[in-house]
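A.B. asks: Sequence:
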Amino acid sequence: MQPEYDLKSVREQFPIVNDSIYLNHAGISPIPAVTRRAVEEGAGVLADFHGMEKVFHDLFTDARESVARLIHAQPEEIAFVQNTAEGVNLAAHSLPLKAGDNVLSCDQEYPAVAYPFMNLHRRRGIETRIMPNDGGGTTVDLLERYVDENTRVAAVSSVEFATGFRTDLKSIGEWCKSRGIWFVVDGIQSLGAAPMDVKAMHIDVLASGGHKWMMIPAGQGFLYVDKSRLGELDPPFSGAGSVANAGDYLNYNLTPAPDMRRFELGVPNLLGIMGLNSSLRFLLSLGIENIDAWTLHLTDMLLDELDKRGYQPLVNRDPAHRSAIVIFTAPGEGANEAIEKKLKAINVKYAVRGGGIRLAPHCYNSEDEICRVAEALGKL
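Per our numbering, the sequence shown runs over residues 398 to 777.
None of these hints come from the bench; they were simulated from the model.
All residues carry an ideal CB built from backbone N, CA and C; glycine is no exception.
Don't take each hint at face value.
[What the hints assert, rightly or not] In the DSS-like style, the derived pairs of lysine-lysine whose C-alpha atoms are separated by at most 27 Å in a straight line are:
hint: 1; residue 1: K596; residue 2: K624
hint: 2; residue 1: K596; residue 2: K567
hint: 3; residue 1: K574; residue 2: K451
hint: 4; residue 1: K705; residue 2: K776
hint: 5; residue 1: K739; residue 2: K705
hint: 6; residue 1: K776; residue 2: K739
hint: 7; residue 1: K574; residue 2: K596
hint: 8; residue 1: K746; residue 2: K405
hint: 9; residue 1: K741; residue 2: K776
hint: 10; residue 1: K705; residue 2: K746
hint: 11; residue 1: K495; residue 2: K705
hint: 12; residue 1: K741; residue 2: K705
hint: 13; residue 1: K405; residue 2: K741
hint: 14; residue 1: K574; residue 2: K495
hint: 15; residue 1: K495; residue 2: K405
hint: 16; residue 1: K738; residue 2: K776
hint: 17; residue 1: K705; residue 2: K738
hint: 18; residue 1: K451; residue 2: K405
hint: 19; residue 1: K574; residue 2: K624
[Claimed, not checked] Each pair of labels, with its calculated beta carbon distance range:
hint: 20; residue 1: V431; residue 2: E764; range: 21 to 31 Å
hint: 21; residue 1: K705; residue 2: V442; range: 20 to 30 Å
hint: 22; residue 1: E686; residue 2: V537; range: 23 to 33 Å
hint: 23; residue 1: E772; residue 2: G729; range: 33 to 43 Å
hint: 24; residue 1: A641; residue 2: G532; range: 45 to 55 Å
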């Protein structure tokens, strides 16, 4: 089987394939060669900052459009942030919440999802209810068991980092919409490798860093808020770039910018935004649906091999909740350490998460690489 794009030319964008099998995209991804060149060229542009206003304006416009295409939003609904945690914190402290309100989130969420809302308890008396996961993540059935009249937010990940559970965002979004509950999503473990339509999924707020599946240089991400709900948020910070009269520096006026720029405080990460725009254009040219189909094919292969060889996958096998993340272990004490030794012998890049070894292929990985991993693992 081959993906719906030229795998050979895509692999040429990633020199790392020449000396290792990189399967840690759920941790941090190598960036494509085209993005490295864009950032290098951008550094040269920044050496002559003055007089470059149009260049930067065009860059921000293009980058917002790239993010909007990725998630099926509008460019004015996008703000640039450093990472997921910054985006979720901005949302948590902007939402119209009061003492006695509660937030629902499951016990498999990365701290970038849980901590911003937990922090509101100490500051504003808002409860975060950490629910026991349902099959590896959050489901409507789970939310139904914990919701009450004071629930104001459901905060979930599109894919859980420690279980690989793909959340049914559409069903949860519909559930939230029917109850008037804010739907806040961390998209970092799926964006770039799986389709996302924030409108069809009724997502109110989406935050994501870019250094995982989006293959953006670390330290650059974005925040989305549905424009129909933007007016309900009260941004906790202000800066020269977040106001309606940005650029008129001595006319002090706190009127926020009319769109998501109200969350952008000052000089942005220009090189990061250049990298974001380049990497997203690269991935969009391949087709996110095509990448999703290919990575699921590779993980199907991997799961079949693990089953045949006696290993224990620790993922939800329901196709509705499958993602490009596979976590597995083996019986017996010291099993993970033994598996790590086998993987290191052929220079596989992996992570240890969720009680096992986590492997996560991307668009440029091949069937041959999966076969080599299986051969290195051998039978138990």
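A.B. asks: Of the numbered hints stated earlier in the document, which are not met by this structure?
C.D. replies: 3, 11, 15, 18, 21, 23
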